[in-house]
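Trainee: Given these sequences and hints, build the entire structure.
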Amino acid sequence: MTIQRKKLIDTSDNRRLYSKYSRKSTPSVIFIAGLGDSCETWNEVQGRISQETSTFSYDRAGVGRSHVASVPRTCLDLVDELSELLLELEVEPPYLLVGHSFGGLVARLYASLYPQIIAGMVLVDAAPEYKELAYEKVLPEKLVAANREYFENPMLNSEKIDKVQSYKQIVDYVRISDIPLSIITRGLPDKGGGEWPDKEILEIEQRLQVDFQWLSTSSKHRIAGRSGHYIHHDEPEIVIEEIIIMLKGTGK
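Taking the UniProt record's numbering, the leading residue of the sequence shown gets 1, the next gets one more, and so forth.
None of these hints come from the bench; they were simulated from the model.
All values derive from a computational prediction rather than experimental measurement.
Among these hints, one or two may not hold up.
[Claimed, not checked] Derived pair list, reagent style SDA-like, types lysine to any residue, alpha-carbon separation capped at 20 Å:
#1 Lys20 / Asp80
#2 Lys131 / Leu143
#3 Lys220 / Ser177
#4 Lys20 / Leu35
#5 Lys24 / Gly62
#6 Lys160 / Pro128
#7 Lys142 / Glu88
#8 Lys220 / Val210
#9 Lys20 / Leu87
#10 Lys199 / Arg222
#11 Lys137 / Ser177
#12 Lys252 / Gly47
#13 Lys20 / Ser38
#14 Lys220 / Glu195
#15 Lys160 / Lys20
#16 Lys24 / Glu195
#17 Lys137 / Leu208
#18 Lys24 / Ser70
#19 Lys191 / Arg226
#20 Lys191 / Lys252
#21 Lys24 / Gly64
Mentor: Dropping the structure here:
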């Protein structure tokens, strides 16, 4: 039997965070959205996976229906927030983490800190640490300063995340594991317009995401050839397939 809950949870620092939890069996699949995105971004994929096992998604503080938190924040703050929600709702481990874009950084840090309760991880066009600095190799000179300011100033991104400290946390806590890891990378460039070198940026991100494979001795990489950054919207069947393959690998 599947039990579904959509509710606001009161946290230890008197904030209310919105989550969607479908309880069925384990492993529990934990969906982590990209920067500024609510849990609704996962609707199609979460709905399908909820037929197979327990699923959980949520709105980070200041996003969607969740209350605002003090800013700036770091990836470690986001991991603590997620941990508190999972404990409060008694979401049963082990967890299969699915992270999109910046959510991939949160998933990676969570897995580094709590490897004993992680059954697998799927990275969906996940953000590489220090990607903004890598972009500078191909950016026109007139765009370099703004790109660097976006990297350094937390107040310029939608969730006021301190990227400098967050990336450092990812590097400081990184560990090589045997946790099953699936990396799904977009095949189409963003349509930024103007002088932004879309194709060159795509090539950089594809190379950086291929490098994620060293994080696990049990990793695989896949290109979603018809997708832009939101693979779970453009080709949701690919994300669903990778999650189900991973679930079957756990004996589900």
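Trainee: Now look at each hint and say whether the structure bears it out.
Mentor: Checked hints:
The straight-line distance between the Cα atoms of Lys20 and Asp80 is roughly 18 Å, inside the 20 Å bound, and the hint therefore holds. A hinted pair counts as satisfied when its Cα atoms are at most 20 Å apart, and Lys131 with Leu143 qualifies at roughly 15 Å. Our distance criterion of 20 Å between C-alpha atoms is met by Lys220 and Ser177, whose separation comes to about 14 Å. Between Lys20 and Leu35 the CA atoms are separated by roughly 18 Å; this keeps the pair inside 20 Å, and the hint holds.
Distance check on the hinted pair: Lys24 and Gly62 sit about 29 Å apart at the alpha-carbon level, beyond 20 Å; violated. With a CA separation close to 18 Å, the supplied pair Lys160 and Pro128 stays within the 20 Å bound. At most 20 Å may separate the alpha-carbon atoms for a hinted pair to count; Lys142 and Glu88 exceed this at roughly 48 Å. A hinted pair counts as satisfied when its Cα atoms are at most 20 Å apart, and Lys220 with Val210 qualifies at roughly 9 Å.
Annotation: proposed proximity of Lys20 to Leu87 holds, straight-line Cα distance about 14 Å (limit 20 Å). With a CA separation close to 18 Å, the supplied pair Lys199 and Arg222 stays within the 20 Å bound. The straight-line distance between the Cα atoms of Lys137 and Ser177 is roughly 31 Å, outside the 20 Å bound, and the hint therefore fails. A distance of roughly 18 Å separates the Cα atoms of Lys252 and Gly47; the hinted pair therefore holds under the 20 Å criterion.
Note on Lys20 and Ser38: the hinted pairing holds, with a Cα-Cα distance of about 11 Å set against a maximum of 20 Å. Among the hinted pairs, Lys220 with Glu195 is inconsistent with the structure: their alpha-carbon atoms are about 33 Å apart, more than 20 Å. For the suggested pair Lys160 and Lys20, the alpha carbons sit about 24 Å apart, so the restraint of at most 20 Å is broken. Distance check on the hinted pair: Lys24 and Glu195 sit about 49 Å apart at the alpha-carbon level, beyond 20 Å; violated.
Between the alpha carbons of Lys137 and Leu208 the distance comes to roughly 14 Å, so the proposed pair stays at or under 20 Å and holds. Between the alpha carbons of Lys24 and Ser70 the distance comes to roughly 34 Å, so the proposed pair goes past 20 Å and is violated. A distance of roughly 14 Å separates the Cα atoms of Lys191 and Arg226; the hinted pair therefore holds under the 20 Å criterion. Distance check on the hinted pair: Lys191 and Lys252 sit about 39 Å apart at the alpha-carbon level, beyond 20 Å; violated.
For the given pair, Lys24 sits about 25 Å from Gly64 by alpha-carbon distance, which is inconsistent with the 20 Å threshold.
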